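Participant: Full structure from sequences and hints, please.
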Amino acid sequence: MNTRSETGMETPTIAQPGALRLGYAVAGIALVVLLMAWPAIAGKFATSLMTQILIFGLLSLSADLLLGHAGLFSLCHAAFFSVAAYTTAILQVRYSVATEAAACLGILAGTGLGLIFGLAVRTRGVYFILVTLALGYIVWGVGYRWSSFTGGDSGVTNVPSPTLFGFPLEDPTTYYYFVLCVVAAVAYGYGRVVRSPFGLTLRGIKYAERRMHSLGFHPVKHLYCAFVLSAFLASVAGVLYVYFNKFVNPVSASLHNNVEAILMAILGGSGSILGPFVGAAFVLGLRNWVSSFFELYLTVMGIVFIAVVIWAPGGVSGLVQRLINRLRS
Amino acid sequence: MSETVLSLRGVHKSFGGIHAVDNVSFDVKAGERRVVIGPNGAGKTSLFHCISGTHTPTTGSIVFCGEPITHMPEHKRTLLGIGRTFQISSVCLELSALENVLLAVLGVRAQKWDFWNSFHADQGLQRQAEEKLVMVGLSTKLNRQVSDLSYGERRQLELALALSNDPQLLLLDEPCAGLSPAERQRFFSLVKNVPRSVTLLMIEHDMDVALGLADRVTVLHRGQVILDGTADEVRVNEKVREVYFGRV
Amino acid sequence: MDSFILQTLNGISYSALLFLLASGFTLTFGLMRVVNMAHGAYYLVGGYIGLMIAKLTGSLVAALIAGGCAGMLIGFLSDQMLIRRAGSDHLAQVLITVGIAYIIGDLSLKTWGGDAQKLPLPMDLRGVIEFPGGIVYPIFRILLTTIGVAVAGLLWLLYKRTFVGAAIRAGVDNREMVSATGINIDRLFILVSALAAFLAGFSGVLGGAFLTVYPGAEWEILVFALVVVIVGGLGSLEGAMVGALVVGLLDAYGRWLVPELSYFVLFGPMAILLLFRPRGLFGSENMT
Numbered sequence: 001m002n003t004r005s006e007t008g009m010e011t012p013t014i015a016q017p018g019a020l021r022l023g024y025a026v027a028g029i030a031l032v033v034l035l036m037a038w039p040a041i042a043g044k045f046a047t048s049l050m051t052q053i054l055i056f057g058l059l060s061l062s063a064d065l066l067l068g069h070a071g072l073f074s075l076c077h078a079a080f081f082s083v084a085a086y087t088t089a090i091l092q093v094r095y096s097v098a099t100e101a102a103a104c105l106g107i108l109a110g111t112g113l114g115l116i117f118g119l120a121v122r123t124r125g126v127y128f129i130l131v132t133l134a135l136g137y138i139v140w141g142v143g144y145r146w147s148s149f150t151g152g153d154s155g156v157t158n159v160p161s162p163t164l165f166g167f168p169l170e171d172p173t174t175y176y177y178f179v180l181c182v183v184a185a186v187a188y189g190y191g192r193v194v195r196s197p198f199g200l201t202l203r204g205i206k207y208a209e210r211r212m213h214s215l216g217f218h219p220v221k222h223l224y225c226a227f228v229l230s231a232f233l234a235s236v237a238g239v240l241y242v243y244f245n246k247f248v249n250p251v252s253a254s255l256h257n258n259v260e261a262i263l264m265a266i267l268g269g270s271g272s273i274l275g276p277f278v279g280a281a282f283v284l285g286l287r288n289w290v291s292s293f294f295e296l297y298l299t300v301m302g303i304v305f306i307a308v309v310i311w312a313p314g315g316v317s318g319l320v321q322r323l324i325n326r327l328r329s
Numbered sequence: 330m331s332e333t334v335l336s337l338r339g340v341h342k343s344f345g346g347i348h349a350v351d352n353v354s355f356d357v358k359a360g361e362r363r364v365v366i367g368p369n370g371a372g373k374t375s376l377f378h379c380i381s382g383t384h385t386p387t388t389g390s391i392v393f394c395g396e397p398i399t400h401m402p403e404h405k406r407t408l409l410g411i412g413r414t415f416q417i418s419s420v421c422l423e424l425s426a427l428e429n430v431l432l433a434v435l436g437v438r439a440q441k442w443d444f445w446n447s448f449h450a451d452q453g454l455q456r457q458a459e460e461k462l463v464m465v466g467l468s469t470k471l472n473r474q475v476s477d478l479s480y481g482e483r484r485q486l487e488l489a490l491a492l493s494n495d496p497q498l499l500l501l502d503e504p505c506a507g508l509s510p511a512e513r514q515r516f517f518s519l520v521k522n523v524p525r526s527v528t529l530l531m532i533e534h535d536m537d538v539a540l541g542l543a544d545r546v547t548v549l550h551r552g553q554v555i556l557d558g559t560a561d562e563v564r565v566n567e568k569v570r571e572v573y574f575g576r577v
Numbered sequence: 578m579d580s581f582i583l584q585t586l587n588g589i590s591y592s593a594l595l596f597l598l599a600s601g602f603t604l605t606f607g608l609m610r611v612v613n614m615a616h617g618a619y620y621l622v623g624g625y626i627g628l629m630i631a632k633l634t635g636s637l638v639a640a641l642i643a644g645g646c647a648g649m650l651i652g653f654l655s656d657q658m659l660i661r662r663a664g665s666d667h668l669a670q671v672l673i674t675v676g677i678a679y680i681i682g683d684l685s686l687k688t689w690g691g692d693a694q695k696l697p698l699p700m701d702l703r704g705v706i707e708f709p710g711g712i713v714y715p716i717f718r719i720l721l722t723t724i725g726v727a728v729a730g731l732l733w734l735l736y737k738r739t740f741v742g743a744a745i746r747a748g749v750d751n752r753e754m755v756s757a758t759g760i761n762i763d764r765l766f767i768l769v770s771a772l773a774a775f776l777a778g779f780s781g782v783l784g785g786a787f788l789t790v791y792p793g794a795e796w797e798i799l800v801f802a803l804v805v806v807i808v809g810g811l812g813s814l815e816g817a818m819v820g821a822l823v824v825g826l827l828d829a830y831g832r833w834l835v836p837e838l839s840y841f842v843l844f845g846p847m848a849i850l851l852l853f854r855p856r857g858l859f860g861s862e863n864m865t
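Chains as they are written, first to last, in our numbering: chain A, 1 to 329; chain Y, 330 to 577; chain X, 578 to 865.
A hint or two may mislead.
Incomplete in silico selection of chain A near chain Y, CB under 10 Å [unchecked claim]:
no. : residue
1   : R21
2   : Y24
3   : F149
4   : T173
5   : G189
6   : T201
7   : G216
It should be emphasised that the hints constitute simulated quantities derived from the structure, not laboratory data.
A quick note: this is a predicted structure, and the numbers were derived from the prediction, not measured.
Even glycine gets a Cβ: it sits at the ideal position worked out from N, Cα and C.
Facilitator: Here it is in structure tokens:
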């Protein structure tokens, strides 16, 4: 069941009929098994890729909380991602703060920025897009120009491997499992939020904001909460990212990062929990594959953006649905 | 001695140079069925907007159950007990009928802030929502997506939404606009069945229906009240005829 | 004091450039409700083509015209073949135009390389003018500012004094009404988007002379243009003018006084303005 906007951008609704549930359960178990066994099956490079997919999938999920559920097209989630990454990196590298504290403070910093930027929810439509775009740029620009603090172009490098309560997470495979656990836990929480009355409220605001006022809701309050929650999710992704990457630079807050996260959500299926991760797998997989033999990788990405809008606004699931319908007829 | 549920004094709403609502004053008693009639552009919907909080009156005062609500934001008025339908349907097409009513039920409760439990989990809320849908005749359409419902069914949903929390005052803005004669009949028996614990204030174009339902009638013309009386009084009034049918 | 005047002159020259780019963006949105993130890419292409023509012919005028036309051509093709398909859905518009910008940027990188390139100056335009008070300023910059201001003036005249301009203003205010009066709204759309793309390419050549052309310039300049449009108000040409002046000057002063926080100096006030007056200084309420 999908909902359509004017150009056919579709978002799946949450309720699923019973018969389909068994299929989903089986697929779910298969997915869990695959993810658990991944390092053993796929090898080092693919494990590293999968870690990235989980991290950027989480960033995309944070964007989709706003897009798919609250109907807000935001362009500053990468700002929270970046601030969390920078905070953690600076604390670890320059002040030798332990992982546990550095990570928590990183998440706090990103979420805190969300509390401030969240004022953007007082605007709507194209203004909201432009405000968040501009706010995202502030962080990017500060990252570039305030070089004495942020390291400018090169950013903060040589971030040490994380050690969690004495347990070193240096080994890439170990780190993969750590990221998998964190992302799974966060995704579970996300699932509960979107199925809760709060989640339903967000969708009500997305579909009929004017009406929500007369039903007793004050939409701005709910949107603000969603925005801060989104910032929190992006911040977690940012911290996971900086320990994976071992450095952070202003590119992490770039428009590119913001827009790609949105594309991942749409491609994989906006409004669902797995969608952003599927989208991340597609985009990152494509990037890795294409850039190995073709230097015009960005051109390919540009074509993907255009193709998605014109032919697959409902994402992969929309395409699959259309294929199924065509096979039936 | 019936208490006054709604009291308007000198309510005025202008947009630029246009006086949509011009010095309107009247009282509505508890349990009353009050119908507001008047030709197009008379200011009926603007008046409703002032009462429900969609707009704020330029001057004047509105008191609801003893509480001044003139400048109160829309959502707070709903919390006080005012329910409203809209002339142009504005329900969530992408959600099911049940989900729409659940939203309405949650709207006045702190539970809307629950981040953790499924919105289907609370049986009490589910039952309340289902009840209202059954009341308006949508018992077989609970889980249908609203975009699949007919226009008439959507108007029924509108009524369910407005009634979700047993409001003290129900504002019905042309609830039957665009319905076929048979649908209108059905709709009106629904409205007739609304209990007297709910005070009804309704805008209606169809004179016969309006006069058949009403205890009292308020006639608006160019934003002003030209008559406030019983159905019979309105029926025979010269001025009302003039306003509707022009001078003979 | 000298530095202040110098920075003010720098700011003004940058403002002229920004106005030319931002005016196209704001009119495109105001009339057609299209958010075109590829606007910076039109600037980039115009800059590179102008560069090539300048190297070939040595003529600044030829370079400006060529750059403008290149921008216009790319803009027209993008619009007709792709951007139309996004309709009025801003999300779709952003994604498609970002995609177009990626393609143009990447292909430009491949074609012209990664080095920053400056427009070669004709011999008689190199050198400086000395102002009373001992301030020296490059002749070329003054010329470019003058060109920028002149074109801005022409645009202003078109907008305020011609029938086409009146139709555009009416269309920004109320699209349906304009169609109803018998004006061919589709042709108006094409005219405005072509003009916007021409101005973008044209300003790309100017930028190539002021600031050099380089990969990534399309995003840097787009940001500034967006700030101009946000501050000035979507759909308003007056707003673009005032906004460009504000942004140009703030950027110059910011980079002079607090270089590390210059972005903050620029975006901070803008963000605050937005939170309290989302429609900017001159924008109207009905833009969403």
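Participant: State for each hint whether it applies.
Facilitator: A quick look at each hint next to the structure:
With a cut of 10 Å, the hint placing A:R21 at the interface with chain Y is violated, because the nearest CB-to-CB distance is about 14 Å. Interface restraint check for A:Y24: the shortest CB-CB distance to chain Y comes to about 16 Å, outside 10 Å, so the restraint is violated. The criterion of a C-beta within 10 Å of any C-beta in chain Y is not met by A:F149, whose closest approach is roughly 36 Å, and the hint is violated. Interface restraint check for A:T173: the shortest CB-CB distance to chain Y comes to about 33 Å, outside 10 Å, so the restraint is violated.
For A:G189, the interface hint holds, the least distance from its beta-carbon to any beta-carbon of chain Y being 9 Å, beneath 10 Å. Nearest Cβ of chain Y to the Cβ of A:T201: about 5 Å, under the 10 Å cut. The hint holds. The beta carbon of A:G216 comes within 3 Å of a beta carbon in chain Y, closer than 10 Å, and the hint placing it at the interface holds.
Taken one by one, the earlier hints fail for this structure at numbers 1, 2, 3, 4, listed in ascending order.
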